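Throw the hints in and build the complete structure from the sequences for me.
Protein sequences, first through last, are from chains A and B.
As numbered in our numbering, the first sequence has no gaps in its residue numbers, which increase by one up to the final residue, 79.
As numbered in our numbering, the second sequence has no gaps in its residue numbers, which increase by one up to the final residue, 850.
Simulated from the structure, these hints should not be mistaken for lab results.
None of these values were measured; they are calculated from a predicted model.
Be aware that one or more of the hints could be misleading.
With beta-carbon atoms standing in for the labels, derived distance ranges [unchecked claim]:
# : chain 1 : residue 1 : chain 2 : residue 2 : range
1 : B       : Gln539    : A       : Gly37     : 19 to 29 Å
2 : B       : Leu848    : A       : Ile2      : 28 to 38 Å
3 : A       : Gln15     : B       : Glu470    : 35 to 45 Å
4 : A       : Val19     : B       : Asp251    : 31 to 41 Å
All C-beta atoms, glycine included, are put in the ideal place defined by N, C-alpha and C.
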Amino acid sequence: MARVIVDVMLKPEILDPQGRAVQGALGRLGLEGVTSVRQGKHFVIELDGDLDSDRAAALDRLAGELLSNPVIEDFTLTVVDA
Amino acid sequence: MTIDTVDRAESSPDVSQPYADLGLKDDEYARIHEILGRRPTSSELAMYSVMWSEHCSYKSSKVHLRLFGEKKPETDALLVGIGENAGVVDIGDGWAVTFKVESHNHPSYVEPYQGAATGIGGIVRDILSMGARPIAVMDPLRFGPLDAPDTARVLPGVVAGIGGYGNCLGLPNIGGEVIFDPSYAGNPLVNALCVGAMRHEDIHLASAKGVGNLVVLYGARTGGDGIGGVSVLASETFDAEGSAKRPSVQVGDPFMEKLLIEATLEVLHAGLVEGIQDLGGAGISCATSELASNGEGGMHVWLDRVLLRDPTLSPEEILMSESQERMCAIVRPDRINDFLARCAKWEVEAVVIGEVTDSGRLTIDWHGERIVDVPPRTVAHEGPVYQRPFARPSSQDALQADGPGRLARPSTPEEIRAAVLALVGSANLASKSWVTSQYDRYVLGNTVLAQPEDSGMVRVDEVTGRGVAVSTDCNGRFAKLDPYAGAQLALAESYRNVSVTGATPLAVTNCLNFGSPEDPGVMWQFAEAVRGLADGCLELGIPVTGGNVSFYNQTGDVAILPTPVVGVLGVIDDVTRRTPMSWRNAGDSIYLLGDTRDEFGGSEWAHLQGHLGGVPPRVDLGQERALSRVLVDGSQSGVIRAAHDVSDGGVAQALVEMALRSGTGADVSIPESIEPFVFCCSESAARAIIVIRPDQESALLALCNDSAVPVMRIGTVTTDAHLTFGSFGFPLDELRRVHESPIPAALAG
Chain A
-2 MARVIVDVML KPEILDPQGR AVQGALGRLG LEGVTSVRQG KHFVIELDGD LDSDRAAALD
58 RLAGELLSNP VIEDFTLTVV DA
Chain B
102 MTIDTVDRAE SSPDVSQPYA DLGLKDDEYA RIHEILGRRP TSSELAMYSV MWSEHCSYKS
162 SKVHLRLFGE KKPETDALLV GIGENAGVVD IGDGWAVTFK VESHNHPSYV EPYQGAATGI
222 GGIVRDILSM GARPIAVMDP LRFGPLDAPD TARVLPGVVA GIGGYGNCLG LPNIGGEVIF
282 DPSYAGNPLV NALCVGAMRH EDIHLASAKG VGNLVVLYGA RTGGDGIGGV SVLASETFDA
342 EGSAKRPSVQ VGDPFMEKLL IEATLEVLHA GLVEGIQDLG GAGISCATSE LASNGEGGMH
402 VWLDRVLLRD PTLSPEEILM SESQERMCAI VRPDRINDFL ARCAKWEVEA VVIGEVTDSG
462 RLTIDWHGER IVDVPPRTVA HEGPVYQRPF ARPSSQDALQ ADGPGRLARP STPEEIRAAV
522 LALVGSANLA SKSWVTSQYD RYVLGNTVLA QPEDSGMVRV DEVTGRGVAV STDCNGRFAK
582 LDPYAGAQLA LAESYRNVSV TGATPLAVTN CLNFGSPEDP GVMWQFAEAV RGLADGCLEL
642 GIPVTGGNVS FYNQTGDVAI LPTPVVGVLG VIDDVTRRTP MSWRNAGDSI YLLGDTRDEF
702 GGSEWAHLQG HLGGVPPRVD LGQERALSRV LVDGSQSGVI RAAHDVSDGG VAQALVEMAL
762 RSGTGADVSI PESIEPFVFC CSESAARAII VIRPDQESAL LALCNDSAVP VMRIGTVTTD
822 AHLTFGSFGF PLDELRRVHE SPIPAALAG
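The structure is reproduced here in structure tokens:
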């Protein structure tokens, strides 16, 4: 079995209103010194069998088309168990 | 890192600058040299390039837009005219409203959700900067064919963006349009309208008055939003590491905007503000140069005081950033602490970035070094003006000669029934509730009418019930066949949509969406549309209060249908006396007002046959005015119980919409004097369907007679769930299924 992790984050320069809201809430709830919070998405994808190059390429493509919005987001794709 | 200062510009006159990459022409760059007597610094170049862009300077449209002022009708209603952030009209009892529509077409194509969301945010700040509380929004939208793959990408994103931003902000979305045409496939139109209300004494203007007064920037921090273009400059002055490609997508934060609205209204009402301006396109460049230019003529800014979201931004980028949810206010020094305290109360960051001077110059420093020293008028108001060549395209004659007469017409009852059903279920005429249900239409509790009614209507005064009605309309096919008449038909339809609700039309805004102004054919369409609209407004007696021009809407060399979207605003003394669009009482009589002619050029029926040619329906604004009088007087006197505009799809479509809205049917008889298909589907203008109690017939006839409006009884409201047209008819279940399924079916999954 193969396990692939896809992490999606807003590009660094893009405003993250939700992250800002969380940052504000952390401060209000007593945590001092929070300088930045960025919020993203974390996908854990499990596949039967080995991750061959075709399926790896398909995953890479779909991470850009389905899992993230390449206009404003970056993604990283990590194979955990090959 | 080296900063391009004024001193450096003087000592290095021969540095080559990337003005062409910033969209400036050779002669425009030469003119900047002439104005400054030296080469511009890179910051000055950034400011001029963005302020002299088509979007900010209206350089191609200015010479034509003057017509709106020159042909302005005599009216006492206009309190603030064209040129300010938005026009303001008097609606009586000391109330004023401001409204405006703007385009956010290109950003919405790149990133549908954020593009549409920030379109709402921008127009709301325009309204806010006049001192008004925003009370409603609406969105005229146009996309490629409903079944095109890209429509499935763009439309749901746009609708979610409008809903997401507007709903979070707590503003009702009370109407708009959703129209499909192949010409919008690579260039959707996302226009946004906002209405705001205020007391007369609360009107504020964008000017920096009073030497020594402070310039305050407040709201969200400045980041790298919307500055894709200037990265050329950044890469000039920065080392390689600093010139990372900046995103051009602006991201909106509606919760910040809500705080900005409340903070702004509080400081305005407390009398703490001398002048105010929202930050939209061109950001700080635009706000500082316009405020200075409108006021004492001078301003000094310490740019390094601007609060940044991204500390690596260069001064050029800060000047151009289009980060959302920011405002700029001019505040007296003795009131600044109060101002800052009130901002802090709303958790809105505010910082003094400059002061008003009488130097006649806009000077900007970056860490003690002078990076901008310009006459602000040359940036804000004295940009280039183009007399673009325009010419009626040679293909126009052939287009108009190819009328819909050659199309095979339905003639038997079965054929007409099938044609009506095809219209009812066509993308353009189908129910848009899939879209409008994603918008909050009733938040704030003052919405009286919203989609699918003819106009959106909101209560302004909660005691007297005084309110406003707004509609936006445009049939781009009519404008393609004849831009002059097409613009007038858009105006007439919007005017009629306001009138059928019982509101008196008062003022006009517009969003003129066209192709490239460098194409003489497109420029001709634009010039004709503006002339048509200006003449039309003069004849109807309602002034244009402002608007927006969007050029370069095209895919490759193919321009969109010319789309002059017209918004009309009307006033009603008491919203409880509004006229709804549909009947409620069986036995009531149904009348058609206005003349029906054989007019199918540019019609929805011809569009379904894949045909666009001929001439649009005849325009008779005198008749529109008379019809409006009957509709408004008939509403006020209680004669008219329901009224609905007849336009796209004709009488049959209008009756279907009324029946579906009401849930009960009607027996309609097709008059013998008219060809049945023409009666059902022609799109002649200046018509409406109205419903009265049978014993009110003589009162109605007297009203119509007084205004010389043709009137014809065409049917009776029944208790059946059937809509019949004599020899054919429809169960309402069938109509509902056909009318409501196309949009969800196309966009599901």
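Status of each hint after checking the structure:
1. B/Gln539 x A/Gly37: 19 to 29 Å: Holds, at about 25 Å.
2. B/Leu848 x A/Ile2: 28 to 38 Å: holds (32 Å)
3. A/Gln15 x B/Glu470: 35 to 45 Å: The hint (35 to 45 Å, Cβ to Cβ) holds, given that A/Gln15 and B/Glu470 are roughly 38 Å apart.
4. A/Val19 x B/Asp251: 31 to 41 Å: holds (34 Å)
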